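J.: Starting from the known structure of chain Z, fit chain V onto it as the hints suggest.
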Amino acid sequence: MNLYQFCYGIVHWLVGLVNNIWYWLGDFLPWYFGDLFTAIGNFAASEGHLWFMTLLVESVVVVVIALINVLNFLWIFRKLSGRILDFYGPYYVGYRIGGWLQNLADGMKLFIKEIIVPTKADRLGFLLAPVIFVGSSLTILAVIPFSVDFGISTSESGEYVSAGALFALAAFSIAPFAILLAGWSSNNKYTLIGGMRSAAQMMSYEIPLILCAASVFLLAGSFNFVEIVDAQSGIWFFIPLFIGFVVFLICLMAEVEIIPFDLPEAEAELVEGWTTEYGGMRFGLFYMTTAVRSYAGGALATALFLGGWHGPSFLPDEIWFLIKAYIVFTVFMWLTWSVPRIRIDQMLVFGWRRLLPLAVLNLLIAAALKSGGWF
Amino acid sequence: MDDRRKPRTTGVVLNPMKRTGKQLVRTLILGKPNTVLYPEEKLDLPQVYRGKHALDFKKCIGCGNCVVVCPNDCMWLEKVEDPELGKIERPGVDLGRCMFCGFCAEVCPTVALHMTTEFELADSDRENLRLSPLDIRDDSFGETFVEEREKRLVPVLDLSKCDGCEKCAGECPEMCIAMMPIENTGRKKPEINLVKCKSHGKCAETCPEKALTMTEVYESYFDMPEPKLILDNCSGCGLCARKCPSEAIYMLEMPGTEKTLKNGKKGKPKKRAVFVLEKCVGCGRCYQACKFDAIDMPGVRK
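Quick note, the sequences are listed as chains Z and V, same order. The working numbering applies: residue 1 is where the first sequence begins, and numbers increase by one. The working numbering applies: residue 1 is where the second sequence begins, and numbers increase by one.
Only chain V is shown next, with the shape it has when bound in the complex:
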């Protein structure tokens, strides 16, 4: 037989009336309705809300990853002169085209770009929605909350100080540092396997030249491209090193390539570029800058 109870007056009429009566007492006598009266009071938005952008000028390195990743092409790099920082390039946003996906904030390698909880962005003029870097500048916004991007301590190499003593490779408990010779330079450079690295920091402690420093690096959610040098084409002009926003390219001399000058003396040796991939943010500016096709970077538009 049918196990369901037949609905009776109590279940159909009186119980619902009890429920609504309780609700009425709760909203009319004991408290207030759930509504947020918007213009007078605002909803307490969570930090992950994606509103207007905020840019920390001091953290931003001007790499332009945000410009590259933006699916709507609504960001651009603008040349700005700052009394403190000098001539720099910083991104601007066109809010009229922005779809607030938050990729720019996620791809930022130094977490200088944030999305604030400000959502009242309407304007009667389309031009006012084009925000220059100075409009979205907010150097102190990052301090107002706890950053949730994953970060880890990794040793970062300053190649100009390194003399290739191999002490770091000997100290590493995970055996993740290997001294690799740099082609044509006669020097060695520690290659750090960041996948295996457990942030013990022994390499930085033992380094006699203080070339390795433990630095907090934010994990990237994106698979960034890496530059590769084609040594035969490199003329050693150093344009890529000047263009690199994260100073990951070092120009090293190649001994044995000195030309003999007319007066019999030897000239300066040729130079070549060396990449320190722990520092690289994958922006592709070196690839775009190189005039001799000496850098290959698959996945970056020229």
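Isolated chain Z (complex conformation):
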């Protein structure tokens, strides 16, 4: 039973339950109302409506899982940074579970804060940018399955989005547009510089990232996540494509914008970068979305290079997938608290002179492996 069938079962049961009450209510009404009730009930029980509701329930499941993971990720982020910098991190809120509830408390605090729009800001862009940023980041998760059975599939038979990996990469790279929009509409020099930096940074990391992903597509022969992961059942792709794996991780850090590459929000130079003018829960959403993107990035690296949900069978596939994504995130955090931020010119030089040749070399290796007949 895959996620679609599970959700379909839930929806079917719920609709049946509601329809019973609905028809029962209709019996008390005069005939013209009763017919209308019956028509609505019949529509609710129709196959198209059930399919639509199933998709909605699936999205809710995926988003809820993503948000729980985000809480975990933020907790790991704060705890690990604390230990590396020799302090405790979150401690008292949720004392018995290591301060896990601190992020919930912070979120509640942010929720009760006022939403302030600067007077001279472009109001539409200012309010639209967080929506695009958060929405595009959550859209990435729609196509990444945790296992063969656990993911948003397009049909009852369990077929997945055929170009899921391409869709994930495309959704990933919408964010710089939202950042540029936020930076421009805030009408503030810091935010504008942050937004421009985000666009300039995208020039440098996007091409090596896509080239590394392309080498994986070349070896797997598919854009579909399930088929890519199935192709790694023998050997995980990070062994033959080790250069590509490293380059991919570096580009992913730049994509997620965590510290060595967090040029758009450089606290030391620009006050808070492109989020300077945002306060309250909008800032909280940006903070949360960084974790969502870390989670999506970890999942992407896991699916493309680390063998997805393959692992010893004493744990479920989904758990293996999550463990690998968490390990990738932990390595990100380790690197984040170890190295300083690079300059924007260094970023461009690094991207074009180092990462791009390595990515092309990696693509050549993949082509050689494919034409040699090993894959």
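For the record, the hints were derived by calculation from the structure and aren't laboratory data.
Lysine-lysine pairs mimicking DSS-like chemistry, simulated, CA-CA at most 27 Å apart:
#1 Z:Lys-79 x V:Lys-32
#2 V:Lys-228 x V:Lys-188
#3 Z:Lys-79 x V:Lys-42
#4 Z:Lys-79 x V:Lys-18
#5 Z:Lys-79 x V:Lys-22
Being a predicted model, the structure only gives us computed values, none of them experimental.
T.: Chain V only, in chain Z's frame:
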């Protein structure tokens, strides 16, 4: 050419990761982070920390030097009745004005006032911050640690016992005792040069009347003023001697000043004040008490 090595991946990325990895292992697996979780556990403060005051009632002589030296005017002398010590004057502190400079503890001539390491002094009422002498009383606090104020053994004179035999001046190996005549009294008193004194203690051993005793005296960090007597104005009332907290003033009779009474007998002779400066703490209470302007003490407010 440039001698600096070009930074490479190892130096820029891998070495820092090694360092932070070690730190992570140290704080996560092997031990705990450096943080002191304040409400549960407190930092072990050094003894020189300047927190709430502690006053030793038995050592304090009530001279009021702390009140005088306090830059914020946050101390005052309060009359207290103690079953053991009787009616005494002891200083109180207003912590709301105190800036914890520690001058009061440093100026105290008998080291009766200390600053403890207690720092949780916040209160919601300003009146509760005005601590009376009884609030800061802690007679045993001085015994809990080793006092670091410099102290030295010096001979201290009890002028009522001294008969001016000059034996101490003869015994002193540093030649720092000189017998000086006291004006109009016909007596002599040993003047001890404390700068030269090396604390041999021979003067105290030889003194036949036990007038000189070797006493531990704390060095003062402050240049305290000294009283000077203007003999012409002194009426011999003895108010200064009663006011002196360290009993450094003696009233001596001046022979030859007796008045002839009506019945032909001679009355009591006039008295004058004599200061023993080794005992003086420089508080200026004699200067403030004298009604005849007979004491001059530059640097003290009247």
